[in-house]
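Residue-level listing of the chains:
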Amino acid sequence: MPRLRAHLSLIAAFCAVLTMAGCGGKQDASPTATAVSPVQSADGKKVLRLAFPVQESGFDPVTAHDLYSSIVIDGIFDTLLTYDYLAQPAKIVPKITEGMPTIEDDGKRYTIKLKRGIFFSPHEAFGGKRRELVAQDVVYSFKRHFDDSLKPVWRFLIDGKIVGLNEWYEAGKKAGKLDWDAPIEGLSTPDSHTLVIQLTRTDYNFNYVLAHVAMAVMAREVVEKYPNDVQSHPVGSSAYMLKEWIRGQRIILEKNPNWAGGTWNFQPSGKDPYDETIVREMQGKPLGLIDRVEIYPIEEEQSRWLAFKNKQLDVVNMPGNFAPQAIPGGRLAPDLVAMGVRRQSFVDPEYTYLYFQWNDPVWGGSELHKVALRRAVAMAINRQEEIDVIRKGQAIKADFLVPVGVAGHNETYASSVTYNPALANALLDRFGYKRGPDGFRNTPDGKPFSFKITRQGNAIDREFDELYKKNVNAIGIRFETETEKFADSLKREKRCQIQIRGAAWIADYPDGDNFMQLLYSKNIGESNNGCYKSAEFDRLYEASARLPDGPERNALYLEMQKQFEADTPWVMGVSRIRNQMIHPWVRGYKKHPILLAEWMYLDVNTGKGK
Amino acid sequence: MTAYIIRRLWQIVPTMAGVILLIFLLFNVVGGDPAYLLAGKISNAEQIANIRKQLGIDEPYWYQLLLFVKQVVTFDFGQSWSTNEAVSSIFATRLPNSLLIGVPLLILETIIAIAIALVVAYKRGSLTDRSVMVSCTVAQSISILVYIIVLQYVLAYKLGWFPVQGWGNGFFENLFKYAALPIIIALAVSLAPNIRLYRTFLLDEVNQDYVRTARAKGLSENRVMLVHVLRNAAIPIITNLMIQLPGLLVGLFLIERFFSVPGIGREVILAVERSDFPVIKAITVYVALATMLANLLADLLYKAVDPRVELK
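Chains as they are written, first to last, in this note's numbering: chain A, 1 to 610; chain B, 1001 to 1312.
No wet-lab data here; the hints were simulated from the structure. You may find that some hints are simply not true.
Unchecked claim - Think about it this way: if two alpha-carbon atoms lie no more than 30 Å apart in a straight line, the pair counts; the simulated BS3-like pairs of lysine-lysine are: (1) A:K434 x A:K470; (2) A:K562 x B:K1041; (3) B:K1041 x A:K397; (4) B:K1070 x A:K311; (5) B:K1041 x A:K522; (6) B:K1041 x A:K173; (7) A:K447 x A:K392; (8) A:K311 x B:K1177; (9) A:K174 x B:K1041; (10) A:K108 x A:K129; (11) B:K1177 x A:K243; (12) A:K91 x A:K311; (13) A:K225 x A:K243; (14) B:K1041 x A:K91; (15) A:K591 x B:K1041; (16) A:K177 x B:K1041; (17) A:K392 x A:K173; (18) A:K174 x A:K243; (19) A:K271 x A:K177; (20) A:K45 x A:K608; (21) A:K45 x A:K108; (22) A:K434 x A:K452; (23) A:K177 x B:K1158; (24) A:K174 x B:K1177.
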């Protein structure tokens, strides 16, 4: 299987070379405002066609563990809160609530008023009646994250955070059955449209959880109708409903006839000039102009890219291997310009990193010579080469622990750890890592050691191997790899048994806490995969977790960053750039960094003037 | 004959037992723990343990093996661990799509390869023979990936003769619109080795005494080649065909991926990537069973084409 994967990945590079021959044609810099969608349905319905690079797994918000299933879930289900479509950085706004939650009791009590007139899409489970979404549905949806039989994957979002919820779960475990009707102290519903959430500790950032797609609101009747297959019967209250799903072939969504709707009303972010165009195109129009969304799983990059160029897809996330010919020199290729294609680039709210095992006898711990060793490697890794060669220019260096686009990011911060092999060598010399007869360094007590990285052995891993080998060899450190299955790596990671491994984290929600928790020692065995342990970092983290986003928390984040750099438990990597390619008949499109399904904010020009 | 068939069918039982044991050992030794893949981004030991419990992989090995045997006997492999879809449904919905490409491909490649092999065997040593052989050698040297990428780009994207990718609803729509290019590509890949192989089988026969006798009797060359030579070369050709039959069950995974065909090949890849043991178990057992049945069928066909063959 690794051979197959290697094949599949190598193909991409070959495809890129081949497709280059197709780039050409005359330059037409201005997108054609009159461009019309090639899909002209007889009933005048507007259709948006998209592709997933990975097959979906199912549409239960509690169990969906892949991004692409979550995108569909986001189109079908409502969350209490959502994100402003254009605001930068991401800004939370009400979705099915009357205004934002009222936060009281030192950030421990959230009072939420639900809008009236939010209805689930029609379903036989409702007995032919329109079913309104009420506060009890929210409570029920929260509880489902504690149903072990579902294998829930998002429990961590609310685990231990709501008064009485974990106790209810423990009582259910003891009894062998969860009592779905039992009240939860921290989830009370004074009336049908009011929900009061009592948290166990101060958390001014709980709104992010309320906007997360996993917290989508479900109807209990539907869940109980399909106890073992809710994922195939997603019934929500948002703009779309599942019309047809042929696994691995297509997902068809159509407008939910019961959807409350609304009016397109957003302001330009002031950070992206194209926002003005979007606002001009869309302001005042009704939401949900797209009648039908068609999604096709297309795994291969060449197939996806050619399908887009062939006008079989309206929007595509440009496959990275096609960057050299689709955006040569950072500009859209002439053939795409001639087609009127628009590119939207943005840095994903994420980063990659290389962690060192904190418990490792050679690499881990806070002794000075070990810190020096880690720091030396961090200074030896050439991230610019990674960006230029491996990422084909589609990434930026990530220095701050909170990445671009996430609350708490520090735009002006300059890391003290920069690429400097000469200084790295000097540092190792100073701390007693002397070179042996083979030219490689030994530990200060004279034992040989190596930079042993664990990876899965696919094509991109091998590119990284070459880069890291070159980089660490340049400072006299031996390079070794160990290849294993991803599941095995995860298992050993949780047991603090991996010496060095590359990892990545993309925002579950755009708040710094979601990233800072990666280094909190109480998350060892969960998300702190290098098992980093620093009393000072923990102290700062705990203090920051009690604060809302703002200067006070940012000051703590800066201190945490300094502590992190002083210890260097990771080598910071890059944040990847996403390039969305959009055909000119799609109106109002802007990929939101956090929102998953923006379809209700779009329009498609069919030339029929709807 | 009946006794022979019954005996051969009985032999499937111990063979299948070996297959079951091998799959079980492989999964448990090198398969990876799926609980870690299913646990999501942030999970703790308790949640991992819960998933293991839900999947039944926390049970003693003997019990898991017993369950596996029961699944094989009942042909009920439960549900996919990663998508919750019933394994039977995966096969029912994906296999026909794979067969829609695989069966016409097998038929076409057999007919075309035999026809060309007959011509070049008949014209052995001629320019035609040498040209075909050189072409076959070149064609065999090129990776299937190159065929897929180039032909998808040229025939589908540049010339627009076929869809770049996709799959429709109806049988004929799929066969003539969406499956056409995948079949052509697979044919381009598989023809060359088959032509060479069948040519060898036919050449073994062309030089036999009975062929000379047939010609001496004044039979037409068509009759000599199509009736006498082809019939005598049929046994190794049948063997080759029967070897390919079980492959229909696993589909053409590269082609299915590139052309977004919702076939069983794509599912197999996904299942392996996700350590989805129920799907892997089912496909392995089905392929093993199909291989054994294809072998039996091959033996029966030997007897049909050559009455001298004795089934013991």
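Evaluation of the provided hints:
1. A:K434 x A:K470: It holds: about 19 Å lies between the C-alpha atoms, which stays within 30 Å.
2. A:K562 x B:K1041: This hinted pair holds, its Cα atoms lying about 26 Å apart.
3. B:K1041 x A:K397: holds, 23 Å
4. B:K1070 x A:K311: Answer violated: B:K1070 to A:K311 is near 49 Å, above 30 Å.
5. B:K1041 x A:K522: Holds. B:K1041 to A:K522 sits at ~16 Å (cutoff 30 Å).
6. B:K1041 x A:K173: Roughly 24 Å separates the two Cα atoms, so the pair holds.
7. A:K447 x A:K392: Violated: A:K447 and A:K392 sit about 39 Å apart, past 30 Å.
8. A:K311 x B:K1177: Holds: A:K311 and B:K1177 sit about 18 Å apart, inside 30 Å.
9. A:K174 x B:K1041: holds, 27 Å
10. A:K108 x A:K129: violated, 37 Å
11. B:K1177 x A:K243: Holds, at about 24 Å.
12. A:K91 x A:K311: Distance ~33 Å between A:K91 and A:K311 Cα, so the pair is violated.
13. A:K225 x A:K243: holds, 18 Å
14. B:K1041 x A:K91: Measuring from Cα to Cα gives roughly 24 Å; hence the hint holds.
15. A:K591 x B:K1041: Status holds; Cα separation ~23 Å.
16. A:K177 x B:K1041: holds, 26 Å
17. A:K392 x A:K173: Given that 30 Å is the threshold and the Cα spacing comes to 51 Å, the pair is violated.
18. A:K174 x A:K243: Not satisfied, since the Cα-Cα distance of roughly 40 Å exceeds 30 Å.
19. A:K271 x A:K177: violated, 52 Å
20. A:K45 x A:K608: Between A:K45 and A:K608 the Cα gap is close to 10 Å, so the pair holds against 30 Å.
21. A:K45 x A:K108: Between A:K45 and A:K108 the Cα gap is close to 46 Å, so the pair fails against 30 Å, i.e. violated.
22. A:K434 x A:K452: holds, 19 Å
23. A:K177 x B:K1158: Answer violated: A:K177 to B:K1158 is near 60 Å, above 30 Å.
24. A:K174 x B:K1177: violated, 58 Å
Hints 4, 7, 10, 12, 17, 18, 19, 21, 23, 24 from the earlier list are contradicted by this structure; the remaining hints agree with it.
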